[in-house]
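Working from the sequences, and respecting the hints, build out all of it.
2 protein chains.
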Amino acid sequence: MKVTINDVAKLAGVSMKTVSRVINKEPSVRKKTYDIVMDAVNTLNYQPNLAARNLAGTSSFTVGLVYDNPNAYYVIDMQNGVLSRCKEEGYELVIHPCNYLDGNMEEDFKTMIKRSRLAGLVLTPPLSEQNSIIDMLDEMGIHYVRVLSGRPTEEDQDTCIYVNDYAAAYEITSHLLSLGHKSIGFLCGDKEHKSTTERLEGYQAALKDHSISMNDELIYEGQYSFESGVEGAKALLGENNPKNITALLGGNDEMAAGALFASRLMGIEIPQQLSITGFEDSPFSRQTWPKLTTAHQANDVISQHAARLLFRKTRGARNQDKDIITTFTPSLVVRESSGPTTA
Amino acid sequence: MKVTINDVAKLAGVSMKTVSRVINKEPSVRKKTYDIVMDAVNTLNYQPNLAARNLAGTSSFTVGLVYDNPNAYYVIDMQNGVLSRCKEEGYELVIHPCNYLDGNMEEDFKTMIKRSRLAGLVLTPPLSEQNSIIDMLDEMGIHYVRVLSGRPTEEDQDTCIYVNDYAAAYEITSHLLSLGHKSIGFLCGDKEHKSTTERLEGYQAALKDHSISMNDELIYEGQYSFESGVEGAKALLGENNPKNITALLGGNDEMAAGALFASRLMGIEIPQQLSITGFEDSPFSRQTWPKLTTAHQANDVISQHAARLLFRKTRGARNQDKDIITTFTPSLVVRESSGPTTA
DNA sequence: TAGAACATTGACAGCGTTGTCATTTTAACT
DNA sequence: AGTTAAAATGACAACGCTGTCAATGTTCTA
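One line per chain: the protein sequences are D and X, in this order. So the first sequence is residues 768 to 1110, counted in the working numbering. So the second sequence is residues 768 to 1110, counted in the working numbering.
It should be emphasised that the hints constitute simulated quantities derived from the structure, not laboratory data. Careful, some of the hints might be misleading.
Copies of the same chain look alike in the list, so a pair counts if it fits in one copy or across any two.
[To be verified] When the alpha-carbon atoms are kept at most 25 Å apart in a straight line, the in silico SDA-like pairs for lysine to any residue are as follows: (1) K877 - I1091; (2) K769 - A823; (3) K799 - N773; (4) K1080 - F1095; (5) K854 - A819; (6) K784 - L868.
Written out as structure tokens, the structure is:
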């Protein structure tokens, strides 16, 4: 019933070490031997036992995905991406949600690592931006790949996957500008997040390039939540929209949805009286009314590349994956929540 | 740096087997010995190595969570619930998203099980309802716990956690009835899902108890998706709402949101002209406008109990967790999408 | 064609636990 | 106190694999 490396070895007529070499794709196995062994592997439908591999080897076959993110869509996408690569490479994934504010994060990490020695970690924002965590991991000698907001200029392409929020925000803002909007509000997330400052700078750069003067009063800092989107829209639009805002950039889809909600309460027609845009293209940007214009962020693809990058680091010479993309730029998706100014 | 069971044994002045007994909470360890060992465990901050335990032991310390569900909120909640129990009990979780239509599910399962022998599986709908899968698992001798839609009458309380959708639908429908609605439409999911028939029967029972005659034309079968909610509302409400529908029961929040969207397109005011209710109380039932009246389903708690049930089965005598709840009834949450009939 | 250099394979220990079974200690009886 | 049963502990192999290093095969050089 249970087939081990020995069974394969016996059937192939080689030592178990040779089978081990084959399944680990080690060099210096004759092509012919390789084929014989693979035949045996296939006829027996052999699956190497992960526990044994992790115990015996110096390297491990489990990777961790660490996140502290309230956005279910985001987490699922990241998870699926990493998982799909793991499956292909025979790794297993242990997920590790955590709460940065908990404080005992360090202990938490250590426990996780002791329990199952890890090949490496995929870190997602906002954890991936926390220097204290990075330092800790470096100190512990743990491999990791960070997914974070940034631009191609930042060249740590061995451990980072960048999401170019700057460019995406620039594009969305340009879209709004080309529609004729001049007074564009920005509902940003909290400034602790790198994505917030990146998106903000993209927004500002676009305005500048279109010779529109900046106005800090058009910027509202929230927390990337639906509620703060509601609050932000109320704050910015005020009683009678004194700032003559005709478009609102949501820091993410949730905030945009919140703004949509608030507009409704205030009796504002979207997009006739106000354009609203989101960010990320999560499923519910398609489930609002009207549907949100947003920037599509391919989280599943991003996380797949993050996993590939991790495997490349982890397995050194055995894996020279060359086609890893390390910078992703979310792309504009125009839907019904944005339109030309009527003014 | 790396502390093993031997280090603990040495410090405690006992054999490693005794330490093993202590960390596994085996009986027949003297209280005094137990304390000494635990002290050593704590001062050394010992964490048993999972790979070694899985390899050496007959039982395993990893559980699997299997799902084929497009709802990110649901999956995350289930995951977190199971994970929190795993953490407490020292288990690790491997998640296994799958696509039932893929066909090669069986192979898939077998591979997963071979790679890391599993203590057991937590199955979520719709997989948990698939008899072919259950049979397969029984045949393979794999422990599992199923989370599925059902009522207390069904008494497989050793392997099943029931979500009483029937009662919840009854309650929601009653809520609508008490508001004065008489012609209530139902946007149900596809009938393949047990939750669909359960919710449908609850709806029908409530109507019956209020002496309202049934009308199959008030029922639209969709797929639990936003889009099918849109379609359903259009179909039911038609050109001029010929059926005089004043309330619409969504099979889940997404369908309700879809119905909300469609109503908007048709210029129908919610809740003045039409009440709409959801099911599940997922985050976006709070992010629609108006917010959805729905039935709160505590998925995280449900999955925690599922995990506990699994552990009880798995560890037999060593674990006699008695406070496991095996039936959960989602509870009505009244928000702004439902109101009295104006007719 | 001998010998060196290199490529390929194998024997065996060891990874950190748990299971088995033997041994020692304690408790419970005459 | 002496015996016996039961409880508590320990010694050691085994889990299925990989790392190390030695052994064998192959190819190349002169």
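Each hint, compared with the structure:
1. Neither within a single protomer nor between protomers do K877 and I1091 lie at most 25 Å apart by alpha-carbon distance, with minima of 29 Å and 31 Å respectively.
2. Taking identical chains as interchangeable, the C-alpha atoms of K769 and A823 lie at most 25 Å apart whether they share a chain (19 Å) or sit on different chains (15 Å).
3. Taking CA atoms no more than 25 Å apart as the test, K799 paired with N773 passes inside one copy only; the shortest distance there is 19 Å, against 44 Å between copies.
4. For a Cα distance limit of 25 Å, the shortest separation of K1080 from F1095 inside one copy, 20 Å, qualifies, whereas the shortest one across copies, 46 Å, does not.
5. Taking the closest pair of Cα atoms, K854 and A819 come within 25 Å of each other both inside a single copy (18 Å) and across two copies (22 Å).
6. Proximity of K784 and L868 under a CA criterion of 25 Å is satisfied in neither setting, with 47 Å inside one chain copy and 39 Å between copies.
In terms of the numbered hints stated before, the structure departs from hints 1 and 6, listed from lowest to highest.
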